[in-house]
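So the sequences go chain by chain: E and L.
If you're matching positions, the first sequence starts at 1 in this note's numbering and goes up one per residue.
If you're matching positions, the second sequence starts at 1 in this note's numbering and goes up one per residue.
Simulated from the structure, these hints should not be mistaken for lab results.
Among the hints, a few may not be true.
In silico BS3-like links for lysine-lysine, alpha-carbon gap of 25 Å or less [as the list claims (entries may be wrong)]: (1) L:125 x L:136; (2) L:48 x L:89; (3) L:57 x E:37; (4) L:78 x L:89; (5) E:45 x L:57; (6) E:39 x L:125; (7) E:37 x L:48; (8) L:136 x E:39; (9) L:57 x L:136.
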Amino acid sequence: MADNSLFGIHGAALEVRGQRMGILASNIANSSTPGFKAKDIDFQKALRSAQGGSIDGAVTGATMYRVPLQPSLDGNTVDLSTEQTAFAENAVQYQTTLAFLNGRINEVTRALRGE
Amino acid sequence: MSDQPLSIFAVSGRAMSAQLVRMNTTASNLANVGSVSNSADTAYRTIKPVFRTSFDKASGMATVDVENIVTAGSEPTKRYDPANPMADKDGNVWESNVDETRELVDMMETARGYQNNVEVMQTAKSLIVDTLKLGK
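Starting from the given sequences, assemble the full structure and let the hints guide the process.
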């Protein structure tokens with residue numbers, strides 16, 4: 001999907017955003033697990049390398065541990081407010097990408113119908 | 001762990017069951033505040049679940065499981081109370097070691113954790129439904 005000219009960058013963007021949703025959900029799921037280290041995807045970096053190769057490889061390469069705002073005694077680095085904000089932001093961005101894709105599909109459909 | 005890759009629903013769902021186990025232990029602990037016994041061995045001790053992260057290499061996601069449930073906290077309190085029907089031959093009873101404040105704080109944290117996972121699931125569900133409607 002990465003070098004698909006019909007959807008341009010948005011196909012890869014949707015997949016990276018979908019994977020980021022999974023990573024952020026994992027952080028929220030482990031908000032009270034001792035020793036759990038929160039991770040996040042550098043979206044720009046992932047998208048840039050996804051255009052040249054596989055999505056999975058790009059996401060793995062752009063996944064980093066989050067730097068905690070304040071250390072906790074049990075070694076858990078999940079900061080719920082940070083994770084919730086990132087999750088909400090990512091959901092909105094996912095929806096935006098869907099809107100771009102829908103627009104493109106409508107455009108192509110109309111062209112095919114000769115409207 | 002199953003051999004299927006984790007889905008976002010599995011991640012949040014398993015986290016919710018783990019939080020539910022924690023809520024149940026808290027309920028047991030609070031129910032046993034002030035319960036007495038006739039020996040230190042049979043006295044009620046606070047129970048706590050041990051959470052452990054469960055990684056899935058295939059999807060890069062991680063969920064949480066309850067590894068086991070352990071007893072925690074201080075030793076049961078020995079109290080001289082000969083009038084108590086549970087008292088031993090020397091007139092002592094042992095009271096459970098439940099710390100109510102700690103349990104209530106734990107209960108709040110559990111409720112928030114559960115709620116957050118429910119919201120993650122709801123958001124993921126609506127995004128997936130929107131994706132399925134793509135182009136319609």
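Regarding the pair residue 48 of chain L and residue 89 of chain L, is the alpha-carbon distance no greater than 25 Å? Given that 25 Å is the threshold and the Cα spacing comes to 32 Å, the pair is violated.
Has the given pair, residue 57 of chain L with residue 136 of chain L, been kept, meaning a C-alpha gap of at most 25 Å? violated (34 Å)
Restraint check for residue 37 of chain E with residue 48 of chain L, where alpha carbons must lie at most 25 Å apart: holds (22 Å)
Checking one constraint from the list: CA of residue 39 of chain E to CA of residue 125 of chain L, max 25 Å. Satisfied? holds (22 Å)
Would you check the hint for residue 136 of chain L and residue 39 of chain E, treating anything up to 25 Å between C-alpha atoms as holding? Given that 25 Å is the threshold and the Cα spacing comes to 35 Å, the pair is violated.
For residue 125 of chain L and residue 136 of chain L, compute the direct alpha-carbon distance and say whether it is at most 25 Å. This hinted pair holds, its Cα atoms lying about 18 Å apart.
Taking only the CA atoms, is the gap from residue 78 of chain L to residue 89 of chain L under or equal to 25 Å? Roughly 14 Å between the alpha carbons, so the hint for residue 78 of chain L and residue 89 of chain L holds.
Hinted pair residue 45 of chain E and residue 57 of chain L, Cα distance within 25 Å: It holds: about 21 Å lies between the C-alpha atoms, which stays within 25 Å.
Starting from residue 57 of chain L, check that the Cα of residue 37 of chain E is at most 25 Å away, please. Holds: residue 57 of chain L and residue 37 of chain E sit about 15 Å apart, inside 25 Å.
In the structure shown, a violation is registered for the earlier hints numbered 2, 8 and 9, in ascending order.
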